[in-house]
Amino acid sequence: MRRQLMDIICCPVCKGDLALTVNKEDKDEIVEGSLRCGKCAFDYPIEDGIPNLLPPEMHKK
Amino acid sequence: MKGKKIDEAKVKKMVRDGYAKVAVSGGCGCGCGPQCTSSAISKELGYSEKDIGEVPEGANLGLGCGNPIALASLKKGEVVMDLGSGGGFDCFLAASRVGKNGKVIGVDMTPEMLDRSRMNAKKGGYRNVEFRLGEIENLPAADNSVDVIISNCVINLAPDKLRVFSEAFRVLKPGGRLMVSDIVITRPLPEKVMGSVRAYVGCLSGAIMKDDYLKMIRSAGFRSPRVVGETQYPVSYMKNDESAKAIGKEAGLTEKELERLGASILSIRVSAVKG
Chain A
1 MRRQLMDIIC
11 CPVCKGDLAL
21 TVNKEDKDEI
31 VEGSLRCGKC
41 AFDYPIEDGI
51 PNLLPPEMHK
61 K
Chain B
1001 MKGKKIDEAK
1011 VKKMVRDGYA
1021 KVAVSGGCGC
1031 GCGPQCTSSA
1041 ISKELGYSEK
1051 DIGEVPEGAN
1061 LGLGCGNPIA
1071 LASLKKGEVV
1081 MDLGSGGGFD
1091 CFLAASRVGK
1101 NGKVIGVDMT
1111 PEMLDRSRMN
1121 AKKGGYRNVE
1131 FRLGEIENLP
1141 AADNSVDVII
1151 SNCVINLAPD
1161 KLRVFSEAFR
1171 VLKPGGRLMV
1181 SDIVITRPLP
1191 EKVMGSVRAY
1201 VGCLSGAIMK
1211 DDYLKMIRSA
1221 GFRSPRVVGE
1231 TQYPVSYMKN
1241 DESAKAIGKE
1251 AGLTEKELER
1261 LGASILSIRV
1271 SAVKG
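Just so you know, the sequences run in chain order A and B.
One point on numbering: in my numbering, the residue at position 49 of the first sequence is 49, and numbering is uninterrupted.
Just so we're on the same page, my numbering is the position in the second sequence counted from 1, plus 1000.
Since the hints were derived computationally from the structure, they do not count as laboratory data.
One should not assume that every hint holds.
To be verified - Cut-off 27 Å, straight-line C-alpha distance, at most; resulting in silico cross-link-like pairs (BS3-like, lysine-lysine): (1) A:39 x B:1012; (2) A:39 x B:1173; (3) A:27 x B:1122; (4) B:1122 x B:1050; (5) B:1123 x A:27; (6) B:1215 x A:15; (7) A:24 x B:1123; (8) B:1050 x B:1075; (9) A:15 x B:1013; (10) A:27 x B:1100; (11) B:1010 x A:15; (12) B:1122 x A:24; (13) B:1210 x B:1010; (14) B:1012 x A:15; (15) B:1076 x B:1100; (16) A:27 x B:1076; (17) B:1100 x A:24; (18) B:1173 x A:15.
Taking the hints into account, I'd like the entire structure generated from these sequences.
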């Protein structure tokens, strides 16, 4: 996920802003990390460069 | 709606599972069988040789019902969101149209599809395309943030289509365009087909009547949706298609009934504006 995408994405449930935490970043994009919605108290993971913004009930495991 | 309906919660899971398989195998899933190639189908649906040659190999899974008109309308610098981006075929075509100052965001709920489209993006060196896992009923995009929403033969798979259109309306900027292609029907499906999982995943039993489809787009807030293109689904594919034959067999349809069913299926391109 590229940083510039932050201004478009939001929480799929409440549509609120997400707080980005970066665990791994290469020259192009954020590879591992998370996007937290404070209001919903949920961390949407970023894995392999893909943010998982499925609603919480659809997250596996 | 009449007929036996499939449990809505189960629908999403089976659509995900069904398309995960397609993503892994390289597929054909929706309306086409193993005997026909993805690019042959795409040509029939209105994509040019140039379109097909332009994208990385493996991005075109031959699953769509065709959205070339929407792609042709894109302008440099626009932000485009593709609902149900699959292997990424339309995203990559859109990426070339909007140029380096534009952006294309593909949303798909199938992790296996996302892996595939991301791999394709790398292969093709696309810097203005992004993919995210998401549900089209719950778009992870801010209000008024997108210029154009495209979607190619996907919304029929969503149990709550009005919600999909409402979400599209929300994320579009004022004046933004909805340009989708999809499968609709002109006659109610036989009840026997309505309960078939196979028919649902194959873009059939989730399809609704054309008028209802347009009405829903209007209910979501869009001004005057227009049908800009309409084609009878290639019946020749349907007749020789293994999955169509399987649907017919499962539902106990005669060959005539299957033909009649085929004749009631339309692929439409709809354009609407957030006014």
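Going through the hints against the structure:
1. Between residue 39 (chain A) and residue 1012 (chain B) the alpha-carbon distance is near 26 Å, which keeps this suggested pair within the 27 Å criterion.
2. Only pairs whose Cα atoms come within 27 Å are accepted, and residue 39 (chain A) paired with residue 1173 (chain B) is accepted, the gap being roughly 25 Å.
3. As the CA atoms of residue 27 (chain A) and residue 1122 (chain B) are separated by approximately 14 Å, the hinted pair is consistent with the 27 Å bound.
4. For the proposed pair residue 1122 (chain B) and residue 1050 (chain B), the alpha carbon gap of about 20 Å is at most 27 Å, so the pair holds.
5. Note on residue 1123 (chain B) and residue 27 (chain A): the hinted pairing holds, with a Cα-Cα distance of about 17 Å set against a maximum of 27 Å.
6. As the CA atoms of residue 1215 (chain B) and residue 15 (chain A) are separated by approximately 26 Å, the hinted pair is consistent with the 27 Å bound.
7. Distance restraint check for residue 24 (chain A) and residue 1123 (chain B): the Cα-Cα separation of roughly 22 Å lies within the 27 Å cut-off, and the hinted pair is therefore satisfied.
8. Between residue 1050 (chain B) and residue 1075 (chain B), the direct Cα distance comes to roughly 18 Å. Compliance with the 27 Å bound is thereby established for this hinted pair.
9. Using a Cα cut-off of 27 Å, the hinted pair residue 15 (chain A) and residue 1013 (chain B) holds, with the two alpha carbons roughly 24 Å apart.
10. For the given pair, residue 27 (chain A) sits about 17 Å from residue 1100 (chain B) by alpha-carbon distance, which is consistent with the 27 Å threshold.
11. With a C-alpha separation of about 25 Å, the suggested pair residue 1010 (chain B) and residue 15 (chain A) falls inside the 27 Å cut-off, and the hint holds.
12. Proximity of residue 1122 (chain B) to residue 24 (chain A) is assessed by CA-CA distance (about 18 Å); at most 27 Å being required, the pair is judged to hold.
13. For the proposed pair residue 1210 (chain B) and residue 1010 (chain B), the alpha carbon gap of about 25 Å is at most 27 Å, so the pair holds.
14. At roughly 22 Å between alpha-carbon atoms, residue 1012 (chain B) and residue 15 (chain A) fall within 27 Å of each other, so this suggested pair holds.
15. The suggested pairing of residue 1076 (chain B) with residue 1100 (chain B) holds, with an alpha-carbon distance near 8 Å, which does not exceed 27 Å.
16. Only pairs whose Cα atoms come within 27 Å are accepted, and residue 27 (chain A) paired with residue 1076 (chain B) is accepted, the gap being roughly 25 Å.
17. As the CA atoms of residue 1100 (chain B) and residue 24 (chain A) are separated by approximately 25 Å, the hinted pair is consistent with the 27 Å bound.
18. For the suggested pair residue 1173 (chain B) and residue 15 (chain A), the alpha carbons sit about 15 Å apart, so the restraint of at most 27 Å is met.
In summary, the structure agrees with every hint in the numbered list given earlier.
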